[in-house]
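Line order of the protein sequences matches chains A and B.
To convert, note that position 185 of the first sequence is 185 in the numbering used here; the numbers rise steadily by one, no gaps.
To convert, note that position 144 of the second sequence is 440 in the numbering used here; the numbers rise steadily by one, no gaps.
You may find that some hints are simply not true.
Claimed, not checked - Within a straight-line C-alpha distance of at most 25 Å, the following computed SDA-like cross-link-like pairs (lysine to any residue) qualify:
1. A:LYS265 to A:LYS39
2. A:LYS39 to B:GLY400
3. A:LYS265 to B:GLY430
As the list claims (entries may be wrong) - What follows is a list of derived Cβ distance ranges for each label pair:
4. A:ALA51 to B:ALA397: 37 to 43 Å
5. A:LEU36 to B:ALA419: 54 to 60 Å
6. A:GLY154 to B:PRO435: 53 to 59 Å
7. B:SER426 to A:ALA215: 15 to 21 Å
8. A:ARG115 to B:PRO435: 48 to 54 Å
9. A:LYS98 to B:ALA419: 53 to 59 Å
10. A:SER26 to B:PRO435: 55 to 61 Å
11. B:THR355 to A:SER130: 24 to 30 Å
12. A:THR209 to B:ILE312: 36 to 42 Å
13. B:ARG399 to A:LEU36: 25 to 31 Å
14. B:ALA397 to A:VAL42: 27 to 33 Å
15. A:ASN87 to B:ALA411: 22 to 28 Å
Stated by the list, open to error - Covered, in the sense of this in silico footprint (three residues per stretch, anywhere, with C-beta under 8 Å from a C-beta of chain A), are these stretches of chain B:
16. 354-364
17. 449-460
Treat the hints as calculated values from the structure; they're not laboratory data.
We put the beta carbon where it would ideally sit given N, CA and C, even for glycine.
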Amino acid sequence: MRLQKTGIVALLQPIRALLGRFAVISLMVVAFALMLVGKAEVVVVDRTRAAVISAAAPVLDVLSRPIASAVSAYRHVTGLFDAYEENQALKAEIVRLKSLEQISAKLAAENGMLRSLTRFMPDAAVNFVSARVVGEGGGPFVRSILINAGARDGVGRGQAVVNGDGLIGRLTDIGSGASRVLLLTDLNSRVPVIIEETRERAILAGDNTERPSLAYLPPDARISSGQRVVTSGSGGVLPAGLPVGTVTIGRDGVPRVQPFVSWNKLEFVRVIDFGLEADELPETVRPPAKRAGSPQ
Amino acid sequence: MTPLFVQDAGRSVLAIIPLFATVVLVFLGAVPTQLPEFGSVTPVLSLAAIYFFAIYRPTILPAPAVFGIGLFQDALLGLPFGLSALILLGVYGVIVSQRNAFRGRPFLIAWAGFAVVMPVAMAVTWAIVSLFAGTVVPPLAAIFQALITVAVYPLVNVLLAALARLLPGAS
Chain A
1 MRLQKTGIVA LLQPIRALLG RFAVISLMVV AFALMLVGKA EVVVVDRTRA
51 AVISAAAPVL DVLSRPIASA VSAYRHVTGL FDAYEENQAL KAEIVRLKSL
101 EQISAKLAAE NGMLRSLTRF MPDAAVNFVS ARVVGEGGGP FVRSILINAG
151 ARDGVGRGQA VVNGDGLIGR LTDIGSGASR VLLLTDLNSR VPVIIEETRE
201 RAILAGDNTE RPSLAYLPPD ARISSGQRVV TSGSGGVLPA GLPVGTVTIG
251 RDGVPRVQPF VSWNKLEFVR VIDFGLEADE LPETVRPPAK RAGSPQ
Chain B
297 MTPLFVQDAG RSVLAIIPLF ATVVLVFLGA VPTQLPEFGS VTPVLSLAAI
347 YFFAIYRPTI LPAPAVFGIG LFQDALLGLP FGLSALILLG VYGVIVSQRN
397 AFRGRPFLIA WAGFAVVMPV AMAVTWAIVS LFAGTVVPPL AAIFQALITV
447 AVYPLVNVLL AALARLLPGA S
């Protein structure tokens, strides 16, 4: 009996091995098929991703806190050493800002007066949602972060994410309590921008490097290093005038943008709800047929 | 003597340890570090774990578990859905079939094997991402990531080996 059993087991061994190999290969085929399907932004894939993000965010939140505390303790200690220099620099900054304050107060008054003269239509009211960065994503292939604000906090796909320095990116996957921010530097990031000084429009196109490039600039654009780049508001999803970065022209002559945001110090961010969904267009350019089915 | 069903229950609890450990490593890869010294390049700990289990305990981490871990990693890190699953399964399949070359050999052999597997896996990932994006993704960060992962492999190996000793059927 014993012998017979081992005989059967020995006989089944290659079949089991074959099944095991088959499982690996068939699952690899499924994985590849999922990649192709996912590329087309299928709802099921999007929902799965959103669900995973929502489920994982609380765990990441807990894991990220001790690291955040350790980092802030480290910064506190190192900060003590250059407190004197920093104080001097801040005093100089205050002197400079005081003169700027005078100018800006004057300009604000003048601007308000001119607006009332020309019946200028102000931008729609903007809401903010603040969130904590709980996860980093993707390594060398994807530039994204996870934040702990989601659909239940009222944020939506395509909305701009900023911090005190400037634009960080836009929301892509929205879970119930967490969402993914596609950073400006990601391969798939495209943001309509404008060169503040010359009013020339371009698309800020990420390519996974630290400095996204300026695509679709007019051929005769007067562009030079150091010019400020802000969002143009084209498409209506992002508010106009969010600071993005400064132009740098590399050795290859390609105009790129050095973002204002320092990617390693992202801890808290704000999501800007501009009152429009990503796939909606402003009233004036929307085809009438699409209007009928939309909830707004 | 412990009743059989208690042993069984204990075994099934222990059997999910590799899966759990690998999921923890996937999580660790997504925790924000905020330090410029680390930047956006973190080691692919999940791949190191899959490599380890494929050599030493493949029965306890079967292919569907590897598939699930891969999909979880893709969703968490925002990679193309299915990419990590494909790569991890590829590494798993190759190593399981070649595991006799590593078992019972000194650790250095396993490490050397990983130093070959990791860059190949990274190159394939890079090629797929580039193909999908329709453009050549800058490879520098991927090269760094492969190097860092190879460098931290001994640490993962030590941790998982300690864990594997807890598992049923440890030799």
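>> Need the list of violated hint numbers for this structure, in ascending order.
In response: 1, 2, 3, 5, 6, 10, 11, 13, 14, 15 and 17
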